[in-house]
Structures are given as C-alpha cells and as structure tokens.
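Those sequence lines, one after another, are chains A and B.
The opening residue of the first sequence carries number 139 in our numbering; numbering runs sequentially from there.
The opening residue of the second sequence carries number 1129 in our numbering; numbering runs sequentially from there.
No wet-lab data here; the hints were simulated from the structure.
One thing to keep in mind: the hints can contain errors.
As the list claims (entries may be wrong) - Using 27 Å as the maximum straight-line C-alpha spacing, the simulated DSS-like pairs for lysine-lysine come out as follows: (1) A:Lys724 <-> A:Lys660; (2) B:Lys1173 <-> A:Lys711; (3) A:Lys379 <-> B:Lys1207; (4) B:Lys1130 <-> B:Lys1210; (5) A:Lys711 <-> B:Lys1168; (6) B:Lys1168 <-> A:Lys724; (7) A:Lys724 <-> B:Lys1177; (8) B:Lys1173 <-> A:Lys631.
Unchecked claim - Quick list of simulated restraints, FRET-style, between CB atoms: (9) A:Lys501 <-> B:Gly1158: 32 to 42 Å; (10) B:Thr1187 <-> A:Gly743: 22 to 32 Å; (11) B:Glu1188 <-> A:Gly743: 22 to 32 Å; (12) A:Asn497 <-> B:Gln1155: 36 to 46 Å.
The beta carbon of each residue, even a glycine, is placed where N, CA and C say it ideally should be.
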Amino acid sequence: MSLDYRKAAQGVLDNIGGASNVASAAHCATRLRLVINDNSKVNTAAIENVEGVKGCFEASGQLQIIFGTGTVNKVFDEFIAISGVEAGTKESAKEAAAQKQNPFFRAIKTLGDVFVPIIPAIVASGLLNGLLGGLSNAIPSLQNSSYYNMINLMAGAALSMLPILIAISAAKKFGGNPYLAAVIGFVMIHPNLINAWSVATMNAADIPVWHVFGLTIQQTGYQGHVIPVIIAILFMSTLEKWLHKHVPEILDLFVTPLVTVLVTGILTMTIIGPVFKVVEDWILIGARTVITLPFGIGGLLIGFFYAFTVVAGFHHMYNMIEAQMVSQNPPANIWMPVATAANVGQGAAAMAVAFKTKNEKTKSMALPASLSAFLGITEPAIFGVNIRYRKPFIAGCCGGAVGGMLASLFGIKATAYGITGLFGFLITTDFWLQYAIVMAVSFVVAFAVSYISYKDEATAQAAPVVEKTEIPAGQKTAETAEKPAKEGADGQKKKVYAPINGEAIPSAQVDDPTFASEALGKGLAIIPSEGKVYAPFDGTVEMLFDTKHAVAVTSDDGVEVLIHVGVDTVNLKGEGYTAHTATGEKVKKGQLLLEFDMDRIKKAGYQTVTPVIVTNSDEYKNVQVVKTGSVQAGDEVLTVC
Amino acid sequence: MKSFTYVITDPVGIHARPAGELVNAAQACGADVTIRVGDKSASAKKLIKLMGLGIKQGTEVTVEISGENEETAAAEMEKFFKEHL
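Using the sequences provided together with the hints, build the complete structure.
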C-alpha cells in the first residue's frame, strides 16, 4: 500500500540522465534537491509522472522534486543507494540538517510537534485542577458545593479526553483530516470500552473481549495514552492521502472517509493499539524508574542532565512523559519540579555571568536571558550565555541536580504540564513551600558556582565560535521564543555601509507607499549626490536586475540588502544605468556596482532617491538606522542584529 | 501539486510593491508557492528572486502550489492574483 521508495528513486534517476549527471544530492523537509550537470537531459514531465512525485521544478540552480514530509527522506536514502552519488554537499547538508538526524531524533521531534499545539488546553485544565486543589485544601467544605463540582468537571475534561486532542494535532502534523482523526480518537476512548484507569482494579476475567482475526482483544479504552494514538493517526493520514490519490474523484467524497475510518479503526483496536501501548509502557517505566530512584538520586541525575537534553533537542519527549503522569488520577507530574530546578539553575548561572562580567554586551544579553529562564524559557540562557562560556552551563546543571534531588525527596507533584519556573506555583498548590525551596536552592547553588568559576578574560575570545553548531534543529519549541534564541546565539551586530554618496533619510520620508511603509523590509533611503552605487559590505551579488535599476547583495554574514535606485525606475528598462557587476559575483565593500545618469532619470520624470533595504529584516530582531543626513559611501548607516 | 496560469495586469509587473504583497500572501498561505515564467522560476517567498524574474504587465505566469494544505492555498493565491496583480 505504501510507496515503493526504491522504484520512485529509480524513476527519478532514469529521467535525469543517470547518476553521472548528478553533481550533488540533498533533501529538505519535502523535496529532493539535486544539482544537475546538464539540464537538457532532465525530463521534468516524466519525473512528475513517477509515482510519489508531487511536483518537480527548477529553482535556485537545483532540480527540486517534491515528495512530501516523511517520504522524501526515504526516497533520498534509496536514491543515494542506487545512484552512488555522495550525499549532500556541506551547504545542502546544513539546509537539511533537521531531516538528516537519525530516526530516533526525528521521532522525538514529531512528538514535540504534536504536543506543542495542545499545551494551552492542558494548561487551562491543569491550572483549574491546581487552583481547585489548593482552595479545597484551605476550605474543605468547598468540595460539596455545586460550583466546585461544575468547575471540577471542566478541570478534568481535557485530560480525560486527551487522545482526541492528540489525534487532531497529529492529523495536522501528518496532513490527515483532523475530523476523521477526532473520530479515531473518540473510538479509542469510547464510553462502551472499559476505562483504562478502571482496568487495574478489575479482575482480568471480568474484562469483556472480542474475538477477531483469531485474536482475543480486551475491550479497554486508551485514556491517557499517547503513542498508540499518534501511530494510529500516522497510519490514518497515510492511508487517507493514498486513497485521495487513487480513488476516482466522483467516489472520493464517501469512499475515502469510510475506508479510512474503517481500516484505521480495526487496525488500531487489533494491532496498533495493543502493540504500542506496550512500547509506551516501557518508555514510561524507564523514565519513571530513573526519576524515582531512591534517596533523590533520580531527581539528581535528571536535574543535572536535563539541560544537556535541551541542547540535544531531546526534551520534546518529556511532554509525553508528563502528559502520562498528569492523566493519572489524581494527576502526579513528578517530572516538572525537576525540570524547574534545571531551568532555574541555568537562569541563575546566566544571572551570575550578568553580575560578574565587565563586558556590557554580555551583561545586556545575560540578564534578560536569565529572567526568561525563571519563567520557563531557557534557550536564551543556555544557548546565548551558558554554553558559550561552558562553565556557567555546568554550574547551571549543578544547581539543577541539587534542586532536582530535593524535588524528588519532597515528592512534589504538579497537576499539569507545559509550565515551569515561577508560574509553576500555579500547578503545585499543594506543595508551594517545597516548590519554593527547590527553586531557591537551585538558584543559590547555580549562582554561586557560576559566579566563582566564571572569568571574563579567559572566555571572551572563544565565545562566538561555539554555539552555531550546537543549536539543535528542534529549536522552535514551545519553550523557545525563536527570535531571542537567534539573537542570543548570534548576537553579533552586522553592519551595512552607505552604498552611495548623498543624504540619508528615514524610509518613511520616501515618496512611495511601498518603500515608506517598509513593506519590503527595514532600512533607509539615500538621496544621491553622485550617480554611483558601491557595495555596502563584503558579499555576493544575489541579483542584478535585467533593468539594472536595482541590485541585491547578500553579505558574507547573511544580511540581504536591496539597493533600488530611484522610484518606479523599473519603467526605464535600463536606460541611464550601467552595470559594473553581475549576478553571482563576489564583491568587496566599496566596490563599484552600478553607475546611473541622475539627470536622465530626473528628466524622465522619476526621483533618484534610493531605498537601501534589508529584505530579510524579519530574520533579525532589530535593523537600526545609525546615521542620517550627509553620508559618504562607506559610512556605517545600518546595524542589524 | 496545484497550479494555475495568470496574465499579469498590474502596470509595473511583479516589482517592488506588488512583489512585496505577493511575498506576504505566499508566506501567509502556508504552502510552497513557485512562480514560473518561461524557463525561469522562483519561490514566491523570496522577494529578490521573485523580482529577479522581471515579470512585466501582460506576461503569462504559472503559479505552482504544493504543500500540506495546497488546495486552500491554491484558492487563496488565485484570489490574490486576480485582485492584486
């Protein structure tokens, strides 16, 4: 039923003139990306007819063949195997880094992707749970009130119906229909099945069974389970997409949903569910065994290594462990307090750096990074500060270890997951004092170790090199605000120098709505006093337009700048412009790129004002104009960070 | 993959303002959008590449949409082209 990856790879290879015509091969999330020596040997139409290919086109010098997520990597592996082409150049390998990780990491990443969107539902439920718990401890009579009863129902709803939320989220991730996925989720926790939580208290003989396909299946539900649901939906999505492609269109509307639900439902009940329930139990028993090692050793180990797992992108898996713990009755998330210890530790270590360093830049980065760690977002502290200087990272881990051990010894149980740090108080209302002690101890230990061990001069030199390679592909997680992470990891200010002699003005003063609104990116504009455009930095000419009125240059450190000489001057079709460079050329700062005839442009009725725009502004936190007024080519006019 | 063809009516073609709008629309639709004209093509999310196609008024372009929700994305893009380009 599934695609024959080898056949697909062979089909591609046959239509591109064989392996000898391939200069390099790589893949991204959805596409096979091939660099072809002789494009005339490529038969695009034939490639599009190969089974599994969803499209094929050439872009940025590559032949890109779309297979889709989850498929392209398998076709790529086969393609490499049968063609003997070296896998990926360095450049393309970088691009595909996320996909080239081993299957274990990809599976963990998938788990994270499924869990992140449903965190709000869990947080809502968990907070209600925590608040109700805290209030009813203070006022026991509350439990008899109708209000309590009603709100208690709400608090439990999301957690007891978790498989449905997971099914919907997984369908979105795998490209299946979320409503059909919800149906599968309903089936798995149907009220006619024995509730998974009741099973433990029942006699095995009392549980009703089905006899199908020679198997004896217990009629039990999947409350609180995760992996069986995700695998079922992965199967469902694959089947559904396959059916969409192969069922004639007039039948598609009713055949596809019917067959999808029927087949997925039966397989889930008979094979997928029972098998993966066991797999999931093993993982959870493993995690639980470690964290419940006696004398707080479990908390100590996990508290210490937690930050390492964040660096490795491993922590996506913890969502699942926590979800399982939370969906017990009563909820008992013993993982979250340990995670809090580790996060507070990293925050405190970064804070110590902020206090001790004399370098203003480090200080201005470390302080906000540490504060956000206390609120549960650790990536800025870990990647931006601690890993760079190494010792604070280890200091943070020490704080995490001591705090984790305490959390374990106290037996702190949270009622939800998805929040750590200071906000964690809201879900640990039964243990607020112990929770506060855990945070305080983690803080003090990590801060002290970091403060004593950190020294400015020894580390400042090596700083910028380390972190780029260590950011895992899974950095866009719930815990990560992407931009702070980027800023933290790559906090170097990049400079753009004036490309033209003249008067620099803010973009807003350009008499053209597109440039004035900075719709194409942030920057400034220069009213030229001389008709020459020079390179704004060392870089590469990304694109010299046919009409020569604009040139795009990318700096060696990645800033993309568009220099657009005049407004609406595309209409001049190159008249009055002389090019001194070409697309793809390497240029040095100050090198002459273009000459233009100012009088001619003015006579034709156009303005010569020249917007200088950072077209990839949204990849940066800040694009700042540092000089306006009279400028000479080569003056620093913009900083990007 | 979905695709449609369209003849550009905007007087400046796919240049500064229209190009910027197209990039925003393409980013918002969630799928991969490729603009093809003659033997050249470019991602509609890359401003520079897109402007580099030099698409003028009266040029026929092919718009190719692929990705997870390509059906709705294709409809959105077609609407966008009719209204803005």
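Verification of the supplied hints:
1. Simply put, Lys724 (chain A) and Lys660 (chain A) have alpha-carbon atoms about 24 Å apart, close enough for the 27 Å limit, and the pair holds.
2. With a C-alpha separation of about 25 Å, the suggested pair Lys1173 (chain B) and Lys711 (chain A) falls inside the 27 Å cut-off, and the hint holds.
3. A C-alpha spacing of about 26 Å is found between Lys379 (chain A) and Lys1207 (chain B), which places the hinted pair at or below 27 Å, so the restraint holds.
4. The suggested pairing of Lys1130 (chain B) with Lys1210 (chain B) holds, with an alpha-carbon distance near 17 Å, which does not exceed 27 Å.
5. Our distance criterion of 27 Å between C-alpha atoms is met by Lys711 (chain A) and Lys1168 (chain B), whose separation comes to about 19 Å.
6. Our distance criterion of 27 Å between C-alpha atoms is met by Lys1168 (chain B) and Lys724 (chain A), whose separation comes to about 23 Å.
7. Simply put, Lys724 (chain A) and Lys1177 (chain B) have alpha-carbon atoms about 18 Å apart, close enough for the 27 Å limit, and the pair holds.
8. Of the supplied pair hints, the one linking Lys1173 (chain B) and Lys631 (chain A) holds, its CA atoms being roughly 25 Å apart against a limit of 27 Å.
9. Between Lys501 (chain A) and Gly1158 (chain B) the beta carbon distance is about 40 Å. The supplied range of 32 to 42 Å therefore holds.
10. At about 24 Å, the CB distance of Thr1187 (chain B) to Gly743 (chain A) agrees with the hint of 22 to 32 Å.
11. For Glu1188 (chain B) paired with Gly743 (chain A), a C-beta distance near 29 Å keeps the hint of 22 to 32 Å intact.
12. Roughly 37 Å separates the CB atoms of Asn497 (chain A) and Gln1155 (chain B), a value that falls within the hinted 36 to 46 Å.
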